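Enquirer: Chains as they are written, first to last, in my numbering: chain G, 1 to 259; chain H, 1 to 282.
Hints in this document: simulated from the structure, not taken from any laboratory. On a predicted model such as this, the values are computed, not experimentally measured, just so you know. Errors might be hidden in some of the hints.
Unchecked claim - SDA-like mimics (lysine to any residue), calculated; alpha carbons at most 20 angstroms apart, straight line:
1) K178(H) / P226(G)
2) K178(H) / R144(H)
3) K34(H) / P226(G)
4) K178(H) / F11(G)
5) K264(H) / D246(H)
6) K15(G) / K178(H)
7) K178(H) / G212(H)
8) K264(H) / K178(H)
9) K178(H) / L106(G)
10) K15(G) / L177(G)
11) K178(H) / D130(G)
As the list claims (entries may be wrong) - Chain G residues, not near chain H, derived (Cβ > 12 angstroms throughout):
12) G21
13) S22
14) L106
15) L161
16) E190
17) S191
18) V252
For each residue, glycine too, the CB sits at the ideal point set by N, CA and C.
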Amino acid sequence: MRVPAVENLGFATLKLIENLGSIAMFSVRILSTAMVRPLRIRRFVNEVYDVGVLSLSIVCLSGFAVGAVLGLQGYDTLVRFGAEANVGAMVGLSLVRELGPVLTALLVIGRAGSAVAAEIATMVTTEQLDGLRMMSVDPVDFVVSPKAFALVFVMPLLAALFIVFALMGGYLVGVMLLGLDGGTYFASLESSIEFRGDIVPSFSKSLVFGVLVGLIATYRGFTSEPTAHGVSAATTGTVVTASVCVLLFDYVITALWGV
Amino acid sequence: MPNGGNWEGPGAPDVRPPPGEREFRIAADGVYLKLGGRKVFQGLTCGFFRGQISVVLGGSGAGKSTLLRMIGGLTRPDRGTIRVAGVDVSRLPERQLYRVRDRIGMLFQHGALLDSMTVFENVALPLREHSQLSESEIEAEVMRRLNSVGLENVERLYPRELSGGMNRRAALARAIVKDPEIVLVDEPFSGLDPINVRRIEALLTQLNQELGITLVVTSHHLASSLRMSHRIVFMVDGRALSGTPDDLLHSDDQRVVQFLEAEKNQSTEAYVSAIHAGGGAG
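This is chain G alone, in the form it adopts within the complex (with noise of 0.2 angstroms):
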């Protein structure tokens, strides 16, 4: 006798468990990419330029926004306990350890992730990919892995900036508009944050999401359908899966290293 749910549940594992092994097989692909003639540095630099610089305007005014939203309700909490000397340090270890990383990866994921996966999408639609395969050429070495080692170089370096953006966001609220001395705003954030403990986890929290955010646009991109529907397909599973995949690491990160 069939049993539908079972039925599906099987298939739906199979499916997942081949869908792991083909992403697996595709981030090899990836890597052994880097390890042969000729080195895409131009392409590279272009692809950084366009996942990365052109990200720099939402990333900034983002951290800059979060950065006073926190400063706000930071004092706000603090005031009650007369703790309100602790802002730039809540600012400042929240931002590091856990909202810099974590806010920076779904921005790009928003801006650059689903721009790639869309890009790559439509050069599968248009044949493009298939032209360079008939003029043996890789379209892994050349189109995918610029792209998705753009998206693993940015991310750490956009962090960093959307954490020192909200800092100034926390700064401009904390001192400027709620008269804290601006003095002990930055001695409680240089004293509670540490360099080992705090900045090189969150370093590498974000190098963690570059490499799920690159893998998963490339790889939404370059198996999708060639059609419309596979372009519109690629781009919002990018960004519902690059999500999600984020948050999820997020949490095992922290609760395996306790960063």
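Fit chain H to the supplied structure of chain G, relying on the hints for placement.
Expert: Coordinates of chain H only, in the frame set by chain G:
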């Protein structure tokens, strides 16, 4: 071939190899392919001679483009073999396919130029990737190829800034820039005005006559197909019928007759002028 009878596959009686040729340069043998549950090929057997223009005709969904993709190793058959210059490309790993593809140029239906690159960079790409030429030599070669397809002062433009006909010609320049032995051309006339159809047709004929390139062209455009081809491969029901353009015109195979009638109704003038022109390049 007498009145369309049994004109199917390599070695069929209708096959008239050019002088000095005994075997097909490209041959599909017993090819089966299912795509998305639809049987595209059911024992497809056909071949293409060196130095000829062969046009693959057939209705929409007959598998014309898929046949070209299989020759290029982009799509693999479920069963059967595709031999290109003696090499079975149907089972070759991707890396080894590159060696075969070095001998093939392909013009895709919509050009498939990389839209993030200029026309110059697109045409230069195969040379930059696979030749030892200096940048000045590459520049000279690219300009020569662009001029040979009638394109001037477009090298700094992006593909989106070109018309359909110019896009197709730029893609043709890219396909031939490495002097391939075989050029696969997918629907070169679709969406083009009559002047551009004639222009592309003349370019393909010129490539064949002057450089001896083997051309396999898929098309819906009957008049052009009859004018330029040495050989027609007609795709129907997942199989292929093949012969000269004259064989096609005089075939009594009902499937061919129906196709010709439909085309005739669609473009009577072009059809009549093609018949008056005598049909066929050879």
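Enquirer: Take the hints in turn and mark each one as holding or not.
Expert: Hint check:
{"no.": "1", "hint": "K178(H) / P226(G)", "in the structure": "violated, 28 angstroms"}
{"no.": "2", "hint": "K178(H) / R144(H)", "in the structure": "holds, 12 angstroms"}
{"no.": "3", "hint": "K34(H) / P226(G)", "in the structure": "holds, 17 angstroms"}
{"no.": "4", "hint": "K178(H) / F11(G)", "in the structure": "violated, 47 angstroms"}
{"no.": "5", "hint": "K264(H) / D246(H)", "in the structure": "holds, 16 angstroms"}
{"no.": "6", "hint": "K15(G) / K178(H)", "in the structure": "violated, 42 angstroms"}
{"no.": "7", "hint": "K178(H) / G212(H)", "in the structure": "holds, 14 angstroms"}
{"no.": "8", "hint": "K264(H) / K178(H)", "in the structure": "violated, 38 angstroms"}
{"no.": "9", "hint": "K178(H) / L106(G)", "in the structure": "violated, 44 angstroms"}
{"no.": "10", "hint": "K15(G) / L177(G)", "in the structure": "violated, 54 angstroms"}
{"no.": "11", "hint": "K178(H) / D130(G)", "in the structure": "holds, 17 angstroms"}
{"no.": "12", "hint": "G21", "in the structure": "holds, 18 angstroms"}
{"no.": "13", "hint": "S22", "in the structure": "holds, 16 angstroms"}
{"no.": "14", "hint": "L106", "in the structure": "holds, 26 angstroms"}
{"no.": "15", "hint": "L161", "in the structure": "holds, 26 angstroms"}
{"no.": "16", "hint": "E190", "in the structure": "holds, 45 angstroms"}
{"no.": "17", "hint": "S191", "in the structure": "holds, 49 angstroms"}
{"no.": "18", "hint": "V252", "in the structure": "holds, 35 angstroms"}
In summary, the numbered hints that this structure violates are 1, 4, 6, 8, 9, 10.
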